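Chemist: Residues per chain are reported as follows:
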Amino acid sequence: MIELKDITKVYSLGAFGKRKLTAVDNVSFSIGEGKIISLIGESGSGKTTIGKMMLKLIPITKGQILFQGKDLSLFKGEKLKEYYRYVQGVFQDPFSSFNPIFKADRIFELVKSEFFPELTGREWQIHVLDALESVGLNPKTVLNKFPHQLSGGQLQRMLIARALLLDTKFLVADEIISMLDASTRIDVLNILAELKKGGLSILFITHDLSLGYYISDESIILYRGSVMEAGKTEKVFSTPLHPYTRMLLDAVPRIDRKWTTFETPERKAVGSDTIGMCKYYDRCPLATKECEAQGLIKVEEDHHVACWRWNDV
Amino acid sequence: MALKIKDLRIYYQTLRGDVKAVDGISFQVKDGEIMGLAGESGCGKSTLSNALILLKPPMKYISGEVFLNDKKLPIDNYEAMRANRFRGVSIIPQYAMNALNPIRKLKQIISDLLEHHGESFVKMRDMIEERLKLVELDEKVLDLYPIELSGGMNQRMVMVISTLLNPSLLLADEITSALDVSSQKAVSKMIVEFRDRKIVRSVIFVTHDISILYQVADSIMIMYTGKQVERAPTETIVKNPLHPYTKLLISSLPEVGIKYSQAPLKGIPGRPPELLNPPEGCRFKDRCPVASEKCDEEPPLVEIEPGHQVACWKVGAIDD
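Protein sequences appear in the order of chains A and B. Position 176, counted from 1, in the first sequence is what our numbering calls 176; the numbers after and before it change by one each time, with no gaps. Position 108, counted from 1, in the second sequence is what our numbering calls 108; the numbers after and before it change by one each time, with no gaps.
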């Protein structure tokens, strides 16, 4: 349904934008209808940048994003508004998504005045109640309240409900769980999984591998803007082929197994000697001089890895 | 005993009355022990750790005693505590990036701090460099500004600064929550390392992430709405929890290997009660799946087996 073709994003930094930072480097993937794809990576790997480009919040430096076969960069004005009818985002910090001066349910009113001006108040009310119902909120407890009177989990669910008021087909969920409490995060995750059954596609951005495994059909492991490993979630997690994926999986704190060692490879500043080399070159314990920049290699059906020595490391 | 707390009560003063954030907590931390402190937000875990080092309004000391190495810690006296801060008790705050002055170089920040405590940066320089090596930072970082370091590096820098004078008790408040998995692991390693090298005598590791605690802590204390609900060695809390709240909290953890399509997890229904007027009796009773009339009476904290304390009437009476 939505497809990314060789997307690159270069940020300009410093005075007059002299310094360049490649946040996303030649990333391609596609998301089908009713699928949840998790985008996993450390901070600075470009996960949020990809999400923002898909929501057309920032321009793309190179490449194309196709939504139902149409180029996203051509959407302007009315057409862009039409796009947002189908594609919506929910972000990390629920408290900063709301205006503290207004009541929290104002977000629903704004959707109405923007997209459904023809509906009467009563008809709209029914829509809102439906949406709240589907995210498991009791309308009595959340309507007519200010944001500070509600919990993070409630606010986050209201934002999902807001996205559902439109004919949303694709949702970018950017770290929506990480600010929530252990006891409520699982409820929000379950809501996403329920919505998926109704045909919603979700890009689930996270740094928490266990959350990605819990919910997604496919996983993409991102490092410094490049895809390291991609494929069906079970395959990526049960037979990780890239050294980076293995390192991440080893670092996940689990309650059924203790870490055997505390060693993790250190991230160093990028030097000139790593140009043209594999992105993971400086941290990889198995790297050799021949580890040049890699494209994705197809290992089996639904499993790709960007390491040329995947079968002997 | 490195740390001994008896019936500590810390309330927040508000216009509507006192918010009972820490309400009668007693526990001990042994020498060389890393104690994990876990619970939902608003359960009083940060209040407890802050009260041990900097108790200031609107926080209000109500009652209780704190002993550090068998000496009474005057937590209710702001001035008298001054001698103990940094040397006796030290804290690694939650957002390390915000803890460093952005317009001072790191070495200036450190030397300001040391001078304040009557030490000299020049004399301690060797030791500082050794500590930096321990957390895998280059000594060149001392000449940089905090913004030139990444979040994880700043976090480690703050860890070095907090432990410079070898405090006996180190409070680590949610130090891993803003980091990604590999930095989380590196930071946890350093806490264990500090303890193993006897730089600090004991640690209270505050977090809501029980799976991290399983990796580093020797024992775990679970708090709920200002009360202690369970305390046991790490292995026991994770493998054999007795309090219904602990059980629910642990069973709601997603892990690699658990998928929605195969085994959907359940959260804990409801939310914690307000601490302004907490309900009588057990504070978890409204959300508890096994609550009964007995729970209108407050359950005492009882020792089920050595080192394992639970506050629940039903313990022993239920199995899943």
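In case anyone wonders, no lab produced these hints; they're calculated from the structure. None of the values given here were measured: they were computed from a predicted structure. Even glycine gets a Cβ: it sits at the ideal position worked out from N, Cα and C. Heads up, some of the hints might be wrong.
[Unchecked claim] Listed next, the in silico PhoX-like pairs over lysine-lysine satisfying Cα-Cα at most 25 Å (straight line):
#	chain 1	residue 1	chain 2	residue 2
1	A	Lys197	B	Lys266
2	A	Lys298	A	Lys232
3	A	Lys35	B	Lys266
4	A	Lys35	B	Lys247
5	A	Lys258	B	Lys107
6	A	Lys140	A	Lys52
7	B	Lys239	A	Lys258
8	B	Lys247	A	Lys258
9	B	Lys259	A	Lys197
10	B	Lys266	A	Lys140
11	B	Lys285	A	Lys258
12	A	Lys79	A	Lys5
[To be verified] Rough simulated footprint, nothing fancy, chain A against chain B, three-plus residues with beta-carbon under 8 Å:
#	region
13	13-23
14	29-37
15	202-216
16	258-267
Chemist: Look at each hint and say if it fits the structure.
Modeler: Status of the hints after comparison with the structure:
With a C-alpha separation of about 18 Å, the suggested pairing of Lys197(A) with Lys266(B) holds against the 25 Å cut-off. The hinted pair formed by Lys298(A) and Lys232(A) meets the criterion: a straight-line CA distance of about 12 Å does not exceed 25 Å. Note on Lys35(A) and Lys266(B): the hinted pairing holds, with a Cα-Cα distance of about 22 Å set against a maximum of 25 Å. Distance restraint check for Lys35(A) and Lys247(B): the Cα-Cα separation of roughly 32 Å exceeds the 25 Å cut-off, and the hinted pair is therefore not satisfied.
Note on Lys258(A) and Lys107(B): the hinted pairing is violated, with a Cα-Cα distance of about 37 Å set against a maximum of 25 Å. Between the alpha carbons of Lys140(A) and Lys52(A) the distance comes to roughly 33 Å, so the proposed pair goes past 25 Å and is violated. The hinted pair formed by Lys239(B) and Lys258(A) meets the criterion: a straight-line CA distance of about 13 Å does not exceed 25 Å. Of the pairs offered as hints, the one joining Lys247(B) and Lys258(A) holds, with about 20 Å between alpha carbons and a cut-off of 25 Å not exceeded.
A threshold of 25 Å between alpha carbons decides the hint, and for Lys259(B) with Lys197(A) the separation of about 15 Å falls inside it, so the pair holds. Distance hint between Lys266(B) and Lys140(A) is fulfilled; the C-alpha atoms sit about 23 Å from each other, no more than 25 Å. Under the criterion of a C-alpha separation no larger than 25 Å, the hint pairing Lys285(B) with Lys258(A) is inconsistent with the structure, at around 33 Å. Proximity of Lys79(A) to Lys5(A) is assessed by CA-CA distance (about 21 Å); at most 25 Å being required, the pair is judged to hold.
Only when three residues or more bring their CB closer than 8 Å to a CB of chain A does the claim for the region 13-23 of chain B stand; here the count is 0, and the claim is violated. Counting residues of the region 29-37 of chain B whose C-beta lies closer than 8 Å to any C-beta of chain A gives 0; at least three are required, and the coverage claim is violated. Restraint check on the region 202-216 of chain B versus chain A: 7 residues with Cβ-Cβ distances below 8 Å, three needed, restraint holds. Beta-carbon proximity to chain A at under 8 Å applies to 8 residues in the region 258-267 of chain B; the threshold of 3 is reached and the given coverage holds.
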